[in-house]
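Enquirer: With chain A held as given, fit chain B onto it using these hints.
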Amino acid sequence: MATTIMNTVGQAEHADDHALILTPLTTTGAAPIALWEVTRISLASLVANKTRSLLTMLGVIIGVASVVALLALGGGASTYITDQITAIGTNVLTVEPGSPSSQGPGNSGAAETLTLDDANAIIALNLPVIGVAPSFNGNGQLIAPAADKSATIAGITPAYQVINNLTLKSGTFLDDGQVKGASPVIVLGATVANDLFGSGQAVGQNVRIKDQPLRVIGVLAKKGSGGFGSVDDQAFVPVTLAQQRLFGGRTPDGNSWRVSSIALSVTKASDMSGVQSRIEMLLRDRHHLGTDGSKDDFRVMNQASFLATLTTITSLFTAFLAAVAGISLVVGGIGIMNIMLVSVTERTREIGLRKAVGARSGDILLQFIVEALVISLAGGLIGLALGAGLAFAVTLTGLLKTPVTLSAILLSVGFSMAVGLFFGIYPARRAAALNPIDALRYE
Amino acid sequence: MQPLMISVRNLRKTYQMGDVEVQALQDVSFDIRQGEFVSIMGPSGSGKSTLMNLLGCLDTPTSGSYLLDGVEVAQLTANDLSLVRAQKLGFIFQQYNLLPRQSALRNVEMPMIYRGVPAGERRRRATIALKIVGMGSRIEHRPNELSGGQQQRVAIARALVGSPAVVLADEPTGALDTKTSVEIMAILQRLNQAQGLTVILVTHEPDVAAYANRVLHVRDGLLISDGPPARDAGSDLQPALGLGPQAERDGVRRNRLNLVATSPGGGRWCGRSKWSDERIG
Chain A
1 MATTIMNTVG
11 QAEHADDHAL
21 ILTPLTTTGA
31 APIALWEVTR
41 ISLASLVANK
51 TRSLLTMLGV
61 IIGVASVVAL
71 LALGGGASTY
81 ITDQITAIGT
91 NVLTVEPGSP
101 SSQGPGNSGA
111 AETLTLDDAN
121 AIIALNLPVI
131 GVAPSFNGNG
141 QLIAPAADKS
151 ATIAGITPAY
161 QVINNLTLKS
171 GTFLDDGQVK
181 GASPVIVLGA
191 TVANDLFGSG
201 QAVGQNVRIK
211 DQPLRVIGVL
221 AKKGSGGFGS
231 VDDQAFVPVT
241 LAQQRLFGGR
251 TPDGNSWRVS
261 SIALSVTKAS
271 DMSGVQSRIE
281 MLLRDRHHLG
291 TDGSKDDFRV
301 MNQASFLATL
311 TTITSLFTAF
321 LAAVAGISLV
331 VGGIGIMNIM
341 LVSVTERTRE
351 IGLRKAVGAR
361 SGDILLQFIV
371 EALVISLAGG
381 LIGLALGAGL
391 AFAVTLTGLL
401 KTPVTLSAIL
411 LSVGFSMAVG
421 LFFGIYPARR
431 AAALNPIDAL
441 RYE
Chain B
1001 MQPLMISVRN
1011 LRKTYQMGDV
1021 EVQALQDVSF
1031 DIRQGEFVSI
1041 MGPSGSGKST
1051 LMNLLGCLDT
1061 PTSGSYLLDG
1071 VEVAQLTAND
1081 LSLVRAQKLG
1091 FIFQQYNLLP
1101 RQSALRNVEM
1111 PMIYRGVPAG
1121 ERRRRATIAL
1131 KIVGMGSRIE
1141 HRPNELSGGQ
1151 QQRVAIARAL
1161 VGSPAVVLAD
1171 EPTGALDTKT
1181 SVEIMAILQR
1191 LNQAQGLTVI
1201 LVTHEPDVAA
1211 YANRVLHVRD
1221 GLLISDGPPA
1231 RDAGSDLQPA
1241 LGLGPQAERD
1251 GVRRNRLNLV
1261 ATSPGGGRWC
1271 GRSKWSDERI
1281 G
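So the sequence lines, in the order shown, correspond to chains A and B.
The first sequence: position 269 = 269 (this note's numbering), numbered continuously.
Plus 1000 on top of the position in the second sequence (first one is 1) and you've got this note's numbering.
So here's chain A without its partners, still in its complex pose (with noise of 0.2 Å):
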């Protein structure tokens, strides 16, 4: 070590050449230290305490990882959900007895003010449409000989067929002359029938509701879920045996039937708003309700409609998890601040000595909140790549499209770098007040 020593005062004697005299430095400092100087600093001590760092991230890293994978699978299921109704189509208008102003489930048919005659109308109007398919339905306990099964009976037309796209496995649906006649036949969901007889043949068999024996004539092809209620779980009889014979149909004046619903396929989409006020029109003038539509005791919906408050639901559903995931960013905002502090009392000397060669406490607040930005951004960046690559492994699995959105990153990485920011600001603060006689002497 001596020799080290004095080896390098031998260079020091060298070196005083009278060449080397640093000339006044000119510069002034009056201008506050610039801003890339400070990113600079920041940076050299990030990278000199590399653990510590990674660590103080980690918190960000996990929230806005799941930030992300939460924000990307919400928005896949979302489209997952909107997939299957519109595949079911979105042409379909429904007609439902109750005010539109009420839009809850529970009002719908508590005035059942709809009737066939009204339905009649309706395909009087010659809209262009596929069809007009009033339906009548209740709840009823069939009854097979091997077995029995509680179910939603539908009363139909041959139209509601078209207008669902029903396939039948076996057998045939209803007719017009079935309808007319107010036959007493059936046609069974999958799901229906398959309760009802096992594997067995159903069609030619007969089931019972309400004493009534009916004939089954048709079993549906297995449809799968979408939107209400699956047909696979329905039973379908003709809309007047329903009217008449199973759920006592009439109006209370006796003059004609009440329906439950009327539904209609609009050929083209574009023509949707058109037929659903020329039906309102009509209903209206029917009824004897006021133009403005204020005393409406019906409502015409829309799948469109439909989609959009599911949508809504949806959305809400993947905002509540991306806030519940959210709050770990919140929760990694104040490891930033802990490490932040912990940092500030350790480094008290060199703030000291920062503040002895004549840094300003603002330089010193500027050099802290950059650090405790440049942690949230890396720890935010980081997090996007991991929740990004979560979406991406379950895209591959083929179970959901979980596509990452430009919104999603900008809210996830915006709203890390807000919390390093907000947690920051204090320890920074706590750096700047330093006073550079003490802080020096810090042990």
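If you are wondering where the hints come from, they were derived from the structure by calculation, not from laboratory data.
All values derive from a computational prediction rather than experimental measurement.
Worth double-checking, as some hints may not be accurate.
What the hints assert, rightly or not - Covered by chain B, according to a simulated footprint, are these stretches of chain A (three or more residues, beta-carbon under 8 Å):
| # | region |
| --- | --- |
| 1 | 27-33 |
| 2 | 355-363 |
| 3 | 432-442 |
We treat Cβ as the ideally placed atom computed from N, Cα and C, and that holds for glycine.
Expert: Coordinates of chain B only, in the frame set by chain A:
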């Protein structure tokens, strides 16, 4: 006659310690001219640290005036004091206070960041400053790769690099062994003589203080003497002054070693020679 660098008039500093008012410094006045090498001596609690903090613009006096390089700095705000420190002062500390994970070059560059010096110029000046203190071949070494004496050289380079009006050295050899202390003092002395640097040295070691050409004694917050260094015990130490580098080194070392053996407080040097690994973190 060199121009005045520091002019202190009736400087007073009072601390409030609970209910008690402590007069750390009472009515101190003196001048320091450019190119002087001044030691401030005094036992602990004498007020020399307080005086050092005031001279270093780290603190403001309760009353009195302090003219530094023509600027009245006694009642400046904290931000303005930062600016004065950046422009006019260089600090050397007992514990070197280097940034532990940064190279010598980065450490020396550091003060210039706060003066807005561009990176290229910073590097150029820091390299020169490191060469001046004999560390030109170790500019990329980190403090933990350097000995205590080498670290203190880097710290001296850092103090020099902004071409300060005054360099303040607070017990610069306090953590060094005798031989290294001599080397460090030789560097300061050379800077003072060859480059006309104004150096103010705080120490309680008469041997170290003897390198200066003027010693201010502080006791109980008062300036009790102001004059050339005492010639009694340390008189044969003085040949160091004005001698050539080689002779200076050899001579001082021999004398100093002699002193360690003979002075009544000789054990102190050995006691203080522990190398502190303490670094700012």
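Enquirer: If a hint holds in the structure, say so; if it does not, say that too.
Expert: Comparing the hints with the structure gives:
| no. | hint | result |
| --- | --- | --- |
| 1 | 27-33 | holds (count 6) |
| 2 | 355-363 | holds (count 9) |
| 3 | 432-442 | holds (count 3) |
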